[in-house]
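Trainee: Knowing the structure of chain A, use the given hints to seat chain B with the ligands on it.
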Amino acid sequence: MMPPPLLEARRLAYAYVGGTAALTGLDLTIARGERLAVLGPNGAGKTTFLLHLNGTLRPAGGQILLDGRPARYDRASLAAWRRRVGLVLQDPDDQLFAPTVAEDVSFGPLNLGLSDDETRVRVEDALKAMGMDALAGRPPHMLSFGQKKRAAIAGAVAMRPELLVLDEPTAGLDAAGAAALLTVLEGLHAAGTTLVFATHDVDFAWAWADTVALFEGGTVTVQGKAETVLADRAMLGRANMPLPLLAELGMAAGGRLPRRRAEAVDLFRAMAGRDG
Amino acid sequence: MASIDRLAQTSPWRTLPLAEKALLALGLLLLALVLPPWPGGAIVLAVAAATAIGLAGIPAAQWLAIFAAPFGFVLTGAATLALGWDSGGFRFLPDGAVAALAMVLRSAAAVSSLLLLSLTTPATDFVRGAQRLGLPPELAETALATYGFLFILQDTATAMHASQAARLGYDGPGRALRSLGGLAAALLPRAFERARRLETGLAARGFDGRLRVLAAARTISPIRVSAILATLASVAGTGLWAAWR
Ligand SMILES: Nc1ncnc2c1ncn2[C@@H]1O[C@H](COP(=O)(O)OP(=O)(O)OP(=O)(O)O)[C@@H](O)[C@H]1O
Ligand SMILES: [Mg+2]
Numbered sequence: 001m002m003p004p005p006l007l008e009a010r011r012l013a014y015a016y017v018g019g020t021a022a023l024t025g026l027d028l029t030i031a032r033g034e035r036l037a038v039l040g041p042n043g044a045g046k047t048t049f050l051l052h053l054n055g056t057l058r059p060a061g062g063q064i065l066l067d068g069r070p071a072r073y074d075r076a077s078l079a080a081w082r083r084r085v086g087l088v089l090q091d092p093d094d095q096l097f098a099p100t101v102a103e104d105v106s107f108g109p110l111n112l113g114l115s116d117d118e119t120r121v122r123v124e125d126a127l128k129a130m131g132m133d134a135l136a137g138r139p140p141h142m143l144s145f146g147q148k149k150r151a152a153i154a155g156a157v158a159m160r161p162e163l164l165v166l167d168e169p170t171a172g173l174d175a176a177g178a179a180a181l182l183t184v185l186e187g188l189h190a191a192g193t194t195l196v197f198a199t200h201d202v203d204f205a206w207a208w209a210d211t212v213a214l215f216e217g218g219t220v221t222v223q224g225k226a227e228t229v230l231a232d233r234a235m236l237g238r239a240n241m242p243l244p245l246l247a248e249l250g251m252a253a254g255g256r257l258p259r260r261r262a263e264a265v266d267l268f269r270a271m272a273g274r275d276g
Numbered sequence: 001m002a003s004i005d006r007l008a009q010t011s012p013w014r015t016l017p018l019a020e021k022a023l024l025a026l027g028l029l030l031l032a033l034v035l036p037p038w039p040g041g042a043i044v045l046a047v048a049a050a051t052a053i054g055l056a057g058i059p060a061a062q063w064l065a066i067f068a069a070p071f072g073f074v075l076t077g078a079a080t081l082a083l084g085w086d087s088g089g090f091r092f093l094p095d096g097a098v099a100a101l102a103m104v105l106r107s108a109a110a111v112s113s114l115l116l117l118s119l120t121t122p123a124t125d126f127v128r129g130a131q132r133l134g135l136p137p138e139l140a141e142t143a144l145a146t147y148g149f150l151f152i153l154q155d156t157a158t159a160m161h162a163s164q165a166a167r168l169g170y171d172g173p174g175r176a177l178r179s180l181g182g183l184a185a186a187l188l189p190r191a192f193e194r195a196r197r198l199e200t201g202l203a204a205r206g207f208d209g210r211l212r213v214l215a216a217a218r219t220i221s222p223i224r225v226s227a228i229l230a231t232l233a234s235v236a237g238t239g240l241w242a243a244w245r
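Protein sequence lines correspond, in order, to chains A and B.
Quick note: the first sequence uses this note's numbering, first residue 1, plus one each step.
Quick note: the second sequence uses this note's numbering, first residue 1, plus one each step.
Okay, chain A solo, but in the shape it has when bound (with noise of 0.2 Å):
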């Protein structure tokens, strides 16, 4: 028999208050190990989703299932919950509170029972990751915004969970910081680690989702492998949404469709070669 899915979600469904429902009976499987990118228009329910991913909303309707069992709510399931799953959220002011970035990347290791000396090593670690060690003991508000954005993932990171969940996680950070961003996702990923990430870019999840699932209007519309969802133009375009880039590209030459930056320059260097 197939071991159940690290995570699932079935039929779930949220209001907030006031009314406006959020997710409308929503399926969808987090598989082990996977880089799973949630795609879809603002709106769409991408953070109202990942909410319930370490049980910060509950649903209205429908359930979460850990490793095949419904997630439960008291305190100690929760607790236990939280250390399995990491979440960084969409503002890194939300998340940012301590008086310099180290203490606030150790909150979630000591939260974790660690020594202080194991504590130590985690948040240096994950400071260096993030390209954030030389400002470890700046105070947040004294920070840019892309350079918040990294101390928050720093905080989520140190925890090492086994679930990453991240919400827009390259917004707003420049192309070094996404491209560190992206080496310690790669590194997090090759270490076993499962990443859920929400975001508009399609790009972005072309390049480094195993799966995607489009959201609109509260459900996930399709979930599937990425080479094939996001090669999909129609489907795609019912999302509003273009596609990537280098797909468009690949398709435009009539071959292999390139994943990354470089194979694609590689593809069209051997075209020029060809031709010239």
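Treat the hints with care, as some may be off.
[Claimed, not checked] Derived contacts from chain A toward chain B, CB cut-off under 7 Å, selection only:
{"#": "1", "residue": "Gln63"}
{"#": "2", "residue": "Leu89"}
{"#": "3", "residue": "Asp93"}
{"#": "4", "residue": "Gly108"}
{"#": "5", "residue": "Asp116"}
It is worth saying that the hints were derived from the structure and are not from the lab.
None of the values given here were measured: they were computed from a predicted structure.
Glycine is no exception: its CB is placed at the ideal position from the N, C-alpha and C atoms.
Mentor: Using the frame of chain A, we list chain B with the ligands on its own:
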């Protein structure tokens, strides 16, 4: 407040143990109060200012600007000592002038000593220090969280103000009043919403009611403490010797 905080956060002395900085600053403060104002006060003032600007990296212009505010009050106070008032109008009092000068020197020395501490130590370090001296952790954490929160609110208010101004919201007193009212009204629910989301963020990292963080370890250095004590002793010695000579 913001500029003092900014200076303190970026001062190279920020990472020194609070106890060392407090020893130096409070030691100088004590000397400012007990030494004869001339030349003791002047020496304390010179040492405190030179240390802040030369060693602790506070830009001289900023130091002067921050020093000027309390110093203004001191000068006004001194004027009341040096000037008398009778039927002939204002009159200069020679005895009063000496007393006024002594007061100015003493106060300036005291202010500069305290600035040495407050311009090199972020408010959050003071709270941590108070916690080590027995302030309950719940109170300390609330103070620290509120402090951080103030900056976010200030940023929000600044950004909202700029955006209102960009849309001509401050064109004329009537509009300015209305815009300001709108800003204040928007800030409160925004603060609540922000607090709620902050709790979500904390809960995601295992918040259980205690805001545990790992503060950087700052070990007290015997060398620096000796240097501080030597400085205080030589200021005291010079001050006393010069006054009794
Ligand atoms: N705090 C709230 N109160 C009421 N309604 C909300 C709240 N937050 C979101 N909504 C509504 O719920 C729906 C889903 O919002 P959600 O934030 O999940 O979208 P999203 O896909 O993350 O959008 P974005 O791309 O803009 O981040 C939207 O219609 C939104 O207006
Ligand atoms: Mg969102």
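Trainee: Against this structure, judge whether each hint is valid.
Mentor: Hints and how they fare:
1. Gln63: 20 Å, violated
2. Leu89: Holds - the Cβ of leucine 89/A comes within 7 Å of chain B, reaching about 5 Å at its closest.
3. Asp93: 5 Å, holds
4. Gly108: 4 Å, holds
5. Asp116: At about 6 Å, which falls below the 7 Å cut-off, the nearest Cβ of chain B leaves the hint on aspartate 116/A intact, so it holds.
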